[in-house]
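So the sequences go chain by chain: A and B.
With numbering that gives the first Met the number 0, you'll find the first sequence wraps up at 446, consecutive numbering, no jumps.
With numbering that gives the first Met the number 0, you'll find the second sequence wraps up at 509, consecutive numbering, no jumps.
The set of hints was computed from the structure by calculation and includes no laboratory data.
Model, not experiment: these values are computed from the prediction.
Please note that the accuracy of each hint is not assured.
[Unchecked claim] Taking lysine-lysine pairs in the DSSO-like style, the calculated list, with each CA pair at most 30 Å apart, reads:
no. : chain 1 : residue 1 : chain 2 : residue 2
1   : B       : Lys492    : B       : Lys470
2   : A       : Lys200    : A       : Lys167
3   : B       : Lys2      : A       : Lys31
4   : A       : Lys31     : B       : Lys55
5   : A       : Lys94     : B       : Lys486
6   : B       : Lys417    : A       : Lys94
7   : B       : Lys148    : A       : Lys401
8   : B       : Lys417    : B       : Lys471
9   : A       : Lys75     : A       : Lys7
10  : A       : Lys94     : B       : Lys146
11  : A       : Lys75     : B       : Lys146
12  : B       : Lys486    : B       : Lys499
13  : A       : Lys401    : B       : Lys146
14  : A       : Lys31     : A       : Lys200
15  : A       : Lys31     : B       : Lys470
16  : B       : Lys55     : B       : Lys148
17  : A       : Lys31     : A       : Lys277
18  : B       : Lys175    : A       : Lys31
19  : A       : Lys94     : B       : Lys175
20  : A       : Lys75     : B       : Lys470
21  : B       : Lys417    : A       : Lys31
22  : B       : Lys215    : A       : Lys94
23  : B       : Lys146    : B       : Lys2
24  : B       : Lys486    : B       : Lys417
25  : B       : Lys471    : A       : Lys7
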Amino acid sequence: MTKQPSMKSESISRPRYGCAIGALHSAVAIPKVVPILDCGPGCGDKQFVSLAFYNGYQGGGYGGGATPPSINTTEKEVVFGGNDRLRELIQGSLKVIEADLFVVTTGCVSDIVGDDVQSVVGEFQRRNDPVVYAETGGFRGNNFIGHELIVRSIVDQFLGDYDGEKEKGLVNVWTELPFHNTFWRGDLGEIKRILEGIGLKVNILFGHGSAGISEWRTIPKAQFNIVLHTWLGIRTAEHLQKKYGQPFIHVPVIPIGPIQTERFLTEVGEFAGLDKSKVRSFIDKENEAYYKYMEDFTDFFSEYWWGIPSRFAIVTDSAYALAITKYLVNQFGLIPVTAIATENPPDEYCERIREEFRSVDCDVSVDVQFIEDGHVVDQTIRSAPQPPAIIFGTTWDRDVAKDLGAGIVEVSFPASYEVVLSRSYVGYRGALSLLEKIFTVTISKSA
Amino acid sequence: MVKINLEATAVESREQRLGTVVYWGGDAKELVEQSGYSKCGKGKRGGEGCRLCEAKGPFTQGSVCSEQMVECQAGNVREAVLIQHSPIGCGVSQSFYNNIYRVGLASRNLPVENLKMSCTNLTEGDMVFGGLEKLRLTIEDVYERHKPKAIFIGTSCATGIIGDDVDSVTAEYTEKLGIPVIPLHCEGFRSKHWSTGFDATQHGILRQIVTKDPVKKQEDLVNVINLWGSDVFGPMFKNLNLRVNYVVDMATVDELAQMSEAAATVSFCNTLGSYLAEGLEQAFGVPQVRAPQPYGISGTDAWLRDLARLTHREELAEKFIASEHERIAPEVEELKRKLSGLQGFVSTGSAYAHGLITVLRELGITVNGSLVFHHDPIYDSEDPSQDSLAYLVENYGNVEDFTVSIRQPFQFYTLLQKHRPDFILIRHNGLAPVAARLGIPAAPLGDEHIAIGYQGLINMGNVILEIVKRKKFCVDLSKHVGTPYTKWWTDQKDPNILAKNPDIIWEGVK
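Next up, chain A with everything else stripped away, as it sits in the complex (with noise of 0.2 Å):
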C-alpha cells in the first residue's frame, strides 16, 4: 500500500478489489472446478456479491455464487481448531458437488490460528481425490495476489512435475483477472480468437472458451506462456519457466484496436516463430473488417454537431488503465488528464508501469497514480488542471462524474450499473463494442 500524502492511515474505502480469498474466483473461472471456503460464513458470500454480483452480474455460474462448500467458521474451530471440520467437509464436497476439481481456499481465522490445512489436503491427495489448498488469508494480499496463488497451487500440487515433449504452438495465456475485470468473459474470448487466428493453439485457461481441467493439464506442454498484463502472470510464467523450461513472453499492453492488436499479433507472432504471411493475412483481414466500420463511425466521430469530448479521466487496475489509454490516445487523439492505477501491483513492477504510461504515444506522456483509497481517488480526479469530460473507471466514481458534469463509463470492479454477459473491449471486435458504449455515453447526457 503507498499512503498518500492526503491521508495519516493506510484505509481504503470504496475498494476497488478484494482480498486473497477473492481469488476464489478464479476456481469458479475454471469449467467444473469448485472451490472449497476454509473460512468464516462470509468471507464466500461477500467476494462473490462483490466481485461477481455488483461486478456486471456475471453471476456465479457452474459452482459460484452461493453454491462452493464452506466451513462457515465459528468459535469451536477458532478455539480447537478447524482441521476435523475440513476434512469431513472435503469429503462431504466430493459427495454432494460434481468437480473435476476442488481448491480450498483458507481464509484469515484458519491462517492465523494456523490449521494444518496441508496436511488434511495430504489425506485427499494420497487417495488421488481431485483437491488443492491455497493459503489466502485476507491479510496476505488482495485478489490479484490469491489469483497466482491458486493458479500455482493447481499447478504444483495437481498438474506435478512433467519431461515430456513440448507441443509446438501451444501456448498457455495468463491475462486478466477474471471476474474482477467485469469483461474477462468476453476479453479472453477474443483474446483466444486472434491467437488462434494467427495459427497458435491456445490454453487460455479460464472462461467459456477453456476446456477446463483437461486444458490445465496440457499446460506443461506448451511451447511458452504468454503474459498479456501489466504485471499479473509474470510471477506464474517465471515459475512455469522454472518448473516446466517453459519461456515466456511478457506483452505489458492489451491490445484494443489494430494498431496495438497488430503489435501484439507479430510479436507473439515472432517469438513463437510462427509463418509471418500467415500471421499478417489475418491481420490484414481483420483490420479490412475493423477499417468498414471505422468508414460508418467517420461520419459520426467527425462531424456530430454538439461535439465529441476529449479529456478523459481513468481510474482502473494498471491494465485495463493502459489498454484503454493506449487505444483512445493514440487511434483517436483523445486527451487523458488523469490516470490512476487502483490495484497495488507489487512495488517491484511498479516502476514498468510508470514507464509504460510515460510512452504512452510519441506526443504523449501520462503520469499514472497508484492509490487504492477511494476518497484520495476523488479528490486527484477533481484536482486535475482540466475537468475531465468522460471518466473510465467504477460506480464509486459516479458522484464525482455527476459534481464534473462529465460521462461515466463502467469499466472495473464494482461497475454495478453495467449487466455484461459477453461484451469485450479487447482485440478488434472489443474495440467496436468499447466505442459503442463510450459515445452512447457521451451524447446521452444530452437529453
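Guided by the hints, dock chain B onto chain A, whose structure is given.
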C-alpha cells in the same frame, strides 16, 4: 423478563439470548411446540424451550456473517461513518451495500450518494503486532474528511482473534472528538447466524446514540425498524396522524437519537427489530407494538389496533381499517381468482417468511413448504403476541415442510424437487438461481415493504402474476443448464439426510 444489558460493549449473540438454531427439519407446528414460546407456558428466554436440537451435517455451503449486517445497517446511516477494522476482504462488500444504499436513497427521494465506509486494511504485520494504531489513524482520517456525527467501528474475525482492544480506542476517541465512536462487536465466527449483526449495530446505537432522558416527547412519532424499503409506512401512518421515524438504514444520526422521543416502535420483521424494539422499551420507555406482524388482513388489523392503543388513536385506526377493508376487497377478490391453483414456496429470513406465508395464504395460494435461514425460538420481548410462527400456524394452518437451513442451496434443491412450486419468494441471494435451473421462477423481494399492510396483498398478488410468467425463461434454461450436484445427492429425498446420518459421506472410502 431478561434485561437487555447495555453495560457491556458487545451484544450477546442470538443463540445465547434466544436459543437460535440454523438447521432444523420438520413441520411448522412441531417447531412451534418445540420452541415452547407461546405454547406450554415455557416462554422464557434461556428457558426449556430454547433447547431445540440443531440438525447440522458435515456438508455446508457458504453463508453470510454478522459483520455484513453491520455494514448494511451502520454503514447505511447518513452523516455517520463505519470503519471496518479488518483486512481488505471484509471491505470488499462495500460495493454491495453501496448499491442498496443508493437504490434506497433514490426510492425515498433522498440525495443519492456513495456510502461512507473505510476499511483499516490490516495486513500480515498487523496480525502479529496488532492493528490499533491503524485504527486510530483511520478514525482521524475519516473524521478529518467527513466530520461525521458518529463513527461506528465494526470488528472482524481477524481482530477478534488477535485480540485488538477496540473498546479502549473507541472510548479514547469518543472523548477526543466529542462524538460517539461506537464499537460494534460482530466477528463472523462469534455467532452462527448473521442476525447477531443487526443486534450488534442496534446495541451500539442504544448505548451511544439514542438520547438519554429526552426533554421532549414526540407523541406522533413512531420508530419503524426497517432496511431500505420504500416509504410504505409514511402514507399509512398519515391516516392515524402519525409520523414515521425510519431506522436504521438511511436514517441520520439525529433521527437515531430521537428514537427515545417517539411514542412507539414497530418493525416489518421481528428478526430485524426484536433487539432494538425491546431495548427502546426497557431502557428508554418507548413501548413496542406487541401484536402479530403487519401481514395479511387480520395481522394488519391487530397490528394497527395495538399501534393505535399505544398512541391513543383508536378512532382513527378503526376508520382507516374499515375504509381499507372496503378499498382492497374487490381487487383482492379479483387477484384470488387469477391466482387460484398456484403453489408458492417461501425462502427468506425467519419472521419475514412467517409474514409472507400469511399473505400468500390470504391470496388463496397453496404453501406447503418453506425454507427459512434460522429460527429464533423466542424474541427479546418474550411476549407471546410476537410469536409469529405460532400466529401463522394457529390462524392459517400448518406448513407441512418447514426447513430451517442457513441458505444451503443443496438442501433447497431437494425441497424444490419435492414440492415443484409454481414460484418462490426469496430475499437473500443464492437460492433463486437453483430454482431457475429447475424451471421455477422467483420473486426477489428487494423492497422489503412490498408485502406490508393491506396494500401488500395487492402488491404481492401483482408481483406473483408477473413472476409466474417468467416460468418460460426458467423452463427453457432447465433444458440446457444443470446443477452442480452429484447424482447421489440429486437422488436423495431428505434434505437433512447428512445431519441424520453424517457417516454416509464416508461410505465407499477405504
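Verification of the hints:
| no. | hint | in the structure |
| --- | --- | --- |
| 1 | Lys492(B) / Lys470(B) | 24 Å, holds |
| 2 | Lys200(A) / Lys167(A) | 9 Å, holds |
| 3 | Lys2(B) / Lys31(A) | 51 Å, violated |
| 4 | Lys31(A) / Lys55(B) | 27 Å, holds |
| 5 | Lys94(A) / Lys486(B) | 9 Å, holds |
| 6 | Lys417(B) / Lys94(A) | 21 Å, holds |
| 7 | Lys148(B) / Lys401(A) | 25 Å, holds |
| 8 | Lys417(B) / Lys471(B) | 21 Å, holds |
| 9 | Lys75(A) / Lys7(A) | 37 Å, violated |
| 10 | Lys94(A) / Lys146(B) | 54 Å, violated |
| 11 | Lys75(A) / Lys146(B) | 40 Å, violated |
| 12 | Lys486(B) / Lys499(B) | 20 Å, holds |
| 13 | Lys401(A) / Lys146(B) | 22 Å, holds |
| 14 | Lys31(A) / Lys200(A) | 22 Å, holds |
| 15 | Lys31(A) / Lys470(B) | 27 Å, holds |
| 16 | Lys55(B) / Lys148(B) | 43 Å, violated |
| 17 | Lys31(A) / Lys277(A) | 35 Å, violated |
| 18 | Lys175(B) / Lys31(A) | 54 Å, violated |
| 19 | Lys94(A) / Lys175(B) | 56 Å, violated |
| 20 | Lys75(A) / Lys470(B) | 43 Å, violated |
| 21 | Lys417(B) / Lys31(A) | 26 Å, holds |
| 22 | Lys215(B) / Lys94(A) | 63 Å, violated |
| 23 | Lys146(B) / Lys2(B) | 35 Å, violated |
| 24 | Lys486(B) / Lys417(B) | 16 Å, holds |
| 25 | Lys471(B) / Lys7(A) | 55 Å, violated |
Of the numbered hints listed earlier, those contradicted by the structure are 3, 9, 10, 11, 16, 17, 18, 19, 20, 22, 23 and 25.
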